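Residue numbers (the working numbering), protein chains in the order written: chain A, 2 to 479; chain B, 2 to 479.
Hints in this document: simulated from the structure, not taken from any laboratory. Some clues are possibly wrong.
Any copy will do: because identical chains look the same in the list, a pair fits if it lies in one copy or spans two.
[As the list claims (entries may be wrong)] Each computed SDA-like pair below joins lysine to any residue, with the alpha-carbon atoms no more than 25 Å apart:
no., residue 1, residue 2
1, K388, S317
2, K357, A250
3, K357, R298
4, K393, G382
The structure presented is a predicted model; accordingly, all values stated were derived computationally and were not measured.
Read off the chains here:
There are 2 protein chains.
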Amino acid sequence: MTLIPVIMSGGTGSRLWPVSRENHPKPFITLPDGDNLLRKTLRRASALNHVTEILTVTQQSLLFKTEDEYQKEAPLSVPCHYVLEPVRRNTAAAVTAAALSVAARHGNEAQILVLPADHLIEDQEAFTQAVQEAQIMVAQGFHVTFGITPTSAETSFGYIQANQLSPVSKGFKTTGFIEKPELRVAQDLIQSGDCYWNSGIFCFNVGVLLQDLALHAPEVLRTVEQAINNNTSITLSNQVTRLDAKSLALTPDISIDYALMEKSDLVAVLPCDFSWNDIGSWRAMSELVPEDQFGNRLIGEVITHQSSKNYVQSKSRLTTLVGVEDLIVIDTSDALMIAHKNHSQGVKEIVTALKKSAHPTHLQHQTGSRPWGTFCVLEEGNNFKIKRIVVKPGGSLSLQMHYHRSEHWVVVSGIAKVVNDDQELLLDTNESTFIRAGHKHRLENPGLIDLVLIEVQSGHYLGEDDIVRFDDLYGRHH
Amino acid sequence: MTLIPVIMSGGTGSRLWPVSRENHPKPFITLPDGDNLLRKTLRRASALNHVTEILTVTQQSLLFKTEDEYQKEAPLSVPCHYVLEPVRRNTAAAVTAAALSVAARHGNEAQILVLPADHLIEDQEAFTQAVQEAQIMVAQGFHVTFGITPTSAETSFGYIQANQLSPVSKGFKTTGFIEKPELRVAQDLIQSGDCYWNSGIFCFNVGVLLQDLALHAPEVLRTVEQAINNNTSITLSNQVTRLDAKSLALTPDISIDYALMEKSDLVAVLPCDFSWNDIGSWRAMSELVPEDQFGNRLIGEVITHQSSKNYVQSKSRLTTLVGVEDLIVIDTSDALMIAHKNHSQGVKEIVTALKKSAHPTHLQHQTGSRPWGTFCVLEEGNNFKIKRIVVKPGGSLSLQMHYHRSEHWVVVSGIAKVVNDDQELLLDTNESTFIRAGHKHRLENPGLIDLVLIEVQSGHYLGEDDIVRFDDLYGRHH
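Between the sequences and the hints, there should be enough to build the whole structure, so can you do that?
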C-alpha cells in the first residue's frame, strides 16, 4: 500500500525562545546532539516501508531553509514534494491540503502518515512497527491516531479516550478527546487506564479522509480545494505547490482534532510506546544533556561555583554561575533568557510580550538564512552597518541596487565573482571593492568552498527594504 | 596648611567582574548614575580647601585611561601629578611613594590625604568637615585614620578600636586593628561600641610619616626611595614619575595598615559619618539602583515575568527573567555572570579560576582603550579579524608595520589622515584604503569629531604582538 509521510512543519515553538524565533522555528533548532528535529523527522519518514514520496507542508518563507536541511540528508531515496502556506493556518487546513495534493498524484487509495516535524522519537523500530499496525487499521476504514501511554498527569497535552470494548486490530475505537485538561482532570484520566496522550501523529486513507471532511468540515475542504486549484507553482520546481493566499485566508483556523477527529465515528487510537517526546519546553530539552557531578547540564563555555541542577546553553560567550540552582539559562547573541525550571512554560508569556511590541528578537536571529547562504549583522552604528555574508559554492545574490546606501566588500575567505555597475571582476581572498549607491551589483560564489565577505554599509538609510531586484536565481523579485 | 590629596587607584575589584577587568578596574566602572568612582574621587578631592595639587598613584598601564577620565572633569583648578607603579605593590609602597614625591615638591610640613579611588561618599559637606578635623589632629602629631560607624557586623572590612579614654580633638587614640574578623568577633566588636570600620582613608604629615616609616618599615622606605631616585620620567610630562621597576620589586608587598598603622603609637581614629560605601560587591552596587514594584532593579532592556528582587545589568542585549528571584545578572559582550544575591562574594572565586587558566575575560574587555581612543573586536574568524576603531580628534596611532597581516580600512564617520607606505591621503566618510603586510602606515584624526573606522584584518597570524612601532606620540615603542 502506497504510504506518503506528510511532514507538518508549522508552529514556532515559542516555549523554546530565544533559540526558536518565528523565522527559525522549533524543527530547525540545533539539539544538544548537533542534529535537529526536522532532519530527524525526515530520516524517520524515509526509513519507513513502501514510501514513494515525502510531502512537507510548511510556511512559504521556510521553503529554502527546509530544502537546505533536507539536502544535508541527501541522497534521499524518495522525491520530496512541498505544499507551501502563504498564510498561517492550523492543522485542519494543512492535513486537508496534503490529502488533496496526494490524491491528485497517487489516487484516493493512497495512505498518508501525518508527522509533526518537531517531535523526538527514540525507537525507530517500534515506530516503524506502529506505522505498519496503523496501516492495517486504516485499511479497515479508520482514521488512526497514535496514542502515547501517559507517564505523568501533563496539562499541556491533549488526551484520547480509548473504548476498550471496541478493539480495532491492535487499537481501539475512541470515545472522546480532552484538550489540555486541568491537573485534577489529567490525574483522573490517567487513573482510568484507558486514556492516551494525543501525539499529533495520524494515519489516513486519503479517500476516506476527504469524504469525512466533506461531512464534518465542508468549509475547510471547500476553501482548501480552492487554494489548491488556484495555486501558483513557483519557478524552481513542479514539486512545489504554493497555496493561493486569498482562498487559504478564508479557511477556518482550526485544528484537525477539532475539525474532524472529535466529530467523526471513524477514529481509532493505536496505543504506542516508541519513546516519544515533543520537547515542549527548555526543561524537556535539558533532559537530553548529560549531567555533571553537581547535576548541572552545560552546553558551551560555562564555569560554575556552588551551583547545582542548572541547565545552561551558551554558544558564544563565557557564562558563569555563582550559588544558584534549578535555573535554565539560554544565551543567544541578541537575547538572554533566565528561567526557573518550574516556570519553563512561562517563556511563552515573554514571547507574547515581544510579539506585541514588535521586538525583533521574536521574529529572527541576527544570523539569517537565504537561499544563497547566510548573513549576520555584526554591528549597527550611526549611518553604518557591518555584515558577515557567507555565500555557498554556486550561490548567487540577486542583481540588485540600493538608492540610499553604498557598500564596501572585503573578501576574507574564498573567491567572489562580482558585478559592480558595468564591471565584472573576480575578487580573491583579501581583495575588496566599493559599490556606490545607485549602482547595480551582484555577488556570486564561483568557487568550491564558502565565500566569506565582510560588508560595510554606509548611508543615511540602511533598511533592508532599500533594495531593487533585477534578476534572481531563486525567483525573488521583491 | 598645604593639603595634597593622594588618589590611590590600585586594585582590580574582582568582586565586580565581569564589568571590572584587570585592565578596567573598579574605579573606572560606569555606575548606574553614569559616573564612575574615579571621577567622583577626583571631584571630592578638588572640592577640599587649600588643595594645591592632586597626586594619583596608579599602575603604569592605567595612566592614559586615568588622564582620559580626569580630562572629562576639566578644567581642574589644581595641577595633577602621577606616580606610576610598573609592578603591583600593596598600599605601603604606594603611600610611601606618595609621601616622598610630595616631600620633594612641597617639603616635610605638607599634609597628604590618602583617598582610595574606589569608594563612594555621598555627603561631601560632612567629608570636607571631617578632613578639616583630621588636619587639626595631624597638626598635633598624629596619623589619622577615618573610622566609619559600623551599621552591621561585616566580615569583609577591617575594624579599628578607639581608646575612648584618650581623646584627640574630635577623635581618639587607637588601641588595635582587627582585619576581616569572623562573624561572631565582628558582632562583639560592634557591641563594644568603641570600634569603627577602617575606611582606608588616612591623613598624614609627610615628615612625621617618613620618620615613623623609618622606624617601623625601614625596608619599605629604603626600596621605595630607590624606586623614586631611579625613576624614569616619561616623555609626555614632568608631572609623571615612573617608579623604577627593579627597586619596587624589592619592596615588601604589604598594606600600610600592617606596615605602619598597627605598630605606630601615633595613630588616632576620627569617627566619621559621611555615608560611606566601598561598593564591595554586586549586591552593594545593586542598591544604587531604584527598585520597581516587584523589587527588581534593572539596567538595560529587561523583561520580567513572575520574577522579583533581582538585579540585572545588561547593556547590549535583551535580558528576560521568568520565575526567578534574588538573582544578580551581569551581562557583558564576552562574559555573563549569574549569582545568587547571598553569594555575591563568590564572584571572586570565578575570577581566580579565570586568572589561573589565563582566560582573556579576567584581563580585559573586548573594547579596549588607548591614548588615541578605543578599539573593539567585532568578530574574529579564521584568518580574519574585524575591529571598530574610534580615534579622538587630534589622536594618532603610532607609525607602524605588521609582518603577517594586511588591513582594509573603511571610514564610516569623520575624516582620517592616513600614511600608507609612501602615500599620504585624507579619507572622508565612506572612503577606504588597503594596507599591505610589510607597509608602514599611520592613522590620525585631523578633524573635530570622532573618527570611526572599520578595520578588516586578514592574514595567517593576527596576534596583537605583530606590530613594529616606528614613531609614537605617546612614547610607546614596543
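For each hint, the structure was consulted:
Taking the shortest Cα distances, K388 and S317 sit within 25 Å of each other both inside one copy (17 Å) and across copies (17 Å). Within a single copy, K357 and A250 get their C-alpha atoms as close as 22 Å, which meets the 25 Å cut-off; across copies the closest is 61 Å, which misses it. In this homomeric assembly, K357 and R298 come within 25 Å of each other (Cα to Cα) only across copies, at 24 Å, whereas the closest approach inside a single copy is 33 Å. In this assembly of identical chains, K393 and G382 lie within 25 Å of each other by CA distance solely across copies; the values are 17 Å between and 28 Å within a copy.
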